[in-house]
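J.: Take a look at the letters that make up each chain.
Protein chains: 2
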Amino acid sequence: MRNIKLTIAFDGTEFSGWQRQSNASTVQGELEKKIALMTGQDVSVHGAGRTDAGVHAVAMTAHFATASTIECMAFKRGLNSLLPSSIKVLRVEDVAHEFHSRISAKAKSYHYFFSTEEVILPYRRLYCAHLPLGFDLDLARQCLQYIGGEHDFSSFEATGSRDKDKEGGRGAVRNVFSVSLDRSQGAATEFLFKICGDGFLRKMVRNIVGSLIEVGQHRMTVDAFARLLWQKDRSLAGPTAPACGLFLQQVYYNEDIIPDYGQQGG
Amino acid sequence: MRNIKLTIAFDGTEFSGWQRQSNASTVQGELEKKIALMTGQDVSVHGAGRTDAGVHAVAMTAHFATASTIECMAFKRGLNSLLPSSIKVLRVEDVAHEFHSRISAKAKSYHYFFSTEEVILPYRRLYCAHLPLGFDLDLARQCLQYIGGEHDFSSFEATGSRDKDKEGGRGAVRNVFSVSLDRSQGAATEFLFKICGDGFLRKMVRNIVGSLIEVGQHRMTVDAFARLLWQKDRSLAGPTAPACGLFLQQVYYNEDIIPDYGQQGG
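Note that the protein sequences, when read in sequence, are chains P and V.
Residues 1 to 266 in this note's numbering are what the first sequence spells out, letter by letter.
Residues 1 to 266 in this note's numbering are what the second sequence spells out, letter by letter.
Hints are supplied without guarantee of correctness; some may be wrong.
What the hints assert, rightly or not - Looking from chain P toward chain V, a few residues come up when the C-beta cut is under 10 Å (computed):
{"id": "1", "residue": "Asn80"}
{"id": "2", "residue": "Ser86"}
{"id": "3", "residue": "Val89"}
{"id": "4", "residue": "Glu118"}
{"id": "5", "residue": "Ile120"}
{"id": "6", "residue": "Pro122"}
If you're looking for bench data, these hints aren't it; they were derived computationally from the structure.
Glycine residues also receive a C-beta, built at the ideal position from the N, C-alpha and C atoms.
Let the sequences and hints guide you as you build the complete structure.
T.: Written out as structure tokens, the structure reads:
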């Protein structure tokens with residue numbers, strides 16, 4: 001059996017997230033159907049994580065075992081012609097049997113785009129959250145120092161959602177390597193939040209962004225934000241920011257260099 | 001009667017272009033319907049130009065006459081709540097009766113995004129044309145010197161499409177103030193063509209881009225491109241580039257500063 005690694009970009013707008021569902025279109029489900037079509041064999045595609053409905057990916061990774069002798073380039077071309085245009089396979093690689101897209105991952109990064117203008121630009125509405133009105137960037141940035149580092153992120157975890165079998169005994173503790181918050185270069189009226197860490201709880205990025213926006217729009221103080229981490233109480237944090245602004249940017253393995261966005265943990 | 005100027009952004013993906021049609025959804029049609037709903041009066045919205053199906057706008061302008069006393073801010077808010085999310089009114093202004101969105105315009109600018117990578121990123125597929133494979137940017141750039149300036153652009157005009165009533169006796173002659181072609185800042189694997197001129201023939205921008213891509217992909221020489229302008233023969237130019245990459249960027253009036261993209265006309 002071969003072990004094949006996939007790197008996949010997708011527009012999450014029309015999908016009910018990554019994870020296979022019997023009655024809904026998902027990215028995992030689409031990939032499994034098309035690989036089965038090409039190989040004539042049922043297949044389980046294991047992703048590096050489970051993105052929620054509406055979340056996008058610049059470079060999700062996944063792996064699957066197959067007895068097929070189809071070459072990697074032929075897999076890539078074939079899948080890209082079979083898959084809907086909202087999913088594209090960027091790379092197909094034969095990897096060692098030990099490689100596991102989730103367990104082997106050293107880090108993941110996410111980008112979150114949001115606009116706080118009165119009106120969201122129509123051609124950005126599916127890829128940038130609209131959270132009017134106004135935003136004090138400098139104030140929100142003061143919160144970044146509290147996010148970086150190893151913390152219990154319970155306050156930013158979707159309630160009742162822990163994957164008990166996946167936490168490796170560390171509960172809600174995750175190590176955030178670096179974060180940043182800036183005006184987005186691509187669009188003048190947008191902001192871009194970047195975060196890279198060794199793992200993320202469910203909706204953790206969107207919950208952090210939700211609280212950063214509370215601060216930037218003067219509904220929460222920087223001190224209150226700082227207290228969230230040790231309070232470990234989801235009900236004290238801001239609302240979950242919309243899915244459409246979130247992009248899984250990259251999954252990092254041994255050979256990859258983990259990015260430094262500037263603001264490290266304390 | 002008041003004369004009201006609108007500045008409008010739209011995602012052209014789902015529209016059959018700007019111009020009102022009896023059996024299809026268009027931007028002009030949507031605006032007229034919603035303004036009629038607000039004012040209780042039939043209205044004709046006159047645009048600065050007619051964008052084709054699938055073309056987007058960052059800032060289209062239009063005007064309409066109305067006896068309504070609704071204030072500009074209320075018009076903006078009302079229209080933005082009534083219009084589909086793919087159209088947003090950015091500004092509503094009372095203007096002089098002499099103002100005409102098309103006739104008063106001094107210049108228009110367009111941006112065209114395209115990717116020549118093997119695979120188009122899914123979240124860019126509706127806003128960036130996919131024209132694989134490879135692109136010699138420096139070679140294509142050598143063509144820019146021939147576009148700038150006042151020329152007969154017959155070679156880049158959609159066949160049989162001249163608006164005879166609108167050409168003001170100058171046939172296919174248009175003055176291109178400046179053009180540029182660069183890697184797109186927002187997305188590393190994309191290119192961005194910018195053009196600003198006093199007017200554009202139907203599909204002129206997409207036809208110019210189509211020929212630039214022929215040159216960048218070595219199917220046309222720079223010399224052949226240079227000859228296109230005096231040959232005045234549409235059949236010698238490249239194919240029309242896809243609509244989805246094109247954005248009407250801005251319409252310039254007396255008070256506006258016309259941009260300089262670097263490459264002026266000879």
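J.: Hints the structure violates: just list their numbers, smallest first.
T.: none
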